[in-house]
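Colleague: The primary structure of each chain is shown beneath.
There are 2 protein chains.
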Amino acid sequence: MSDLIQKFAEKLRAKRGENNISQDALSKLTDIDRSYIGRIDRGEVNISLDKLFKIAKALKCQPADLMPEIDLSND
Amino acid sequence: MSDLIQKFAEKLRAKRGENNISQDALSKLTDIDRSYIGRIDRGEVNISLDKLFKIAKALKCQPADLMPEIDLSND
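First to last, the protein sequences are chains D and X. Residue 1 is where the first sequence starts when you use full-length UniProt numbering, and the numbers rise one by one after that. Residue 1 is where the second sequence starts when you use full-length UniProt numbering, and the numbers rise one by one after that.
Chain D extracted, bound-state conformation (with noise of 0.2 Å):
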């Protein structure tokens, strides 16, 4: 999977951590089934906005906040 998805996939983490969310309360908390949560988390899948959308919310942050930065140097 592509290094963005990664850095999507830590941000990620980290915001679960900072929260105190695990794994199966942001599978319950969005609806997504909990292997599926467990992928993503891995940075495995390549998630949908809609999905982004329900994440962000569960995490009470912001869409943006889990975005990775793109190098736009070599433009």
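Hints may contain errors.
No copy labels: a pair is met if it fits in one copy or bridges any two.
[Said to hold, decoys possible] The calculated lysine to any residue pairs, modelled on SDA-like cross-linking and capped at a C-alpha distance of 25 Å, are:
1. K28 <-> D71
2. K15 <-> L29
3. K57 <-> S73
Source of the hints: derived by calculation from the structure; they are not laboratory data. All values reported here derive from a predicted model rather than from experimental measurement.
With chain D's structure known, arrange chain X on it following the hints.
Modeller: Then chain X, alone, in the frame of chain D:
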């Protein structure tokens, strides 16, 4: 499509306008099908993160710049 997807599409259109990038140009820059770009632009599709990252890079902005704000007040 969800209200948040519509707000994302609004930000996308605004960023295209700022950078004077047409839907055609965005299609070429991202290698995403021209008609699909049109549907993304109108908020008709729930795109995945990797497409979001491609679009942000083509628009020379960060993915966070295209993200809508979630109302976290009623939690």
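Colleague: Which of the stated hints cannot be reconciled with the structure, identified by number in ascending sequence?
Modeller: Of the numbered hints given earlier, the structure breaks none, since each of them holds.
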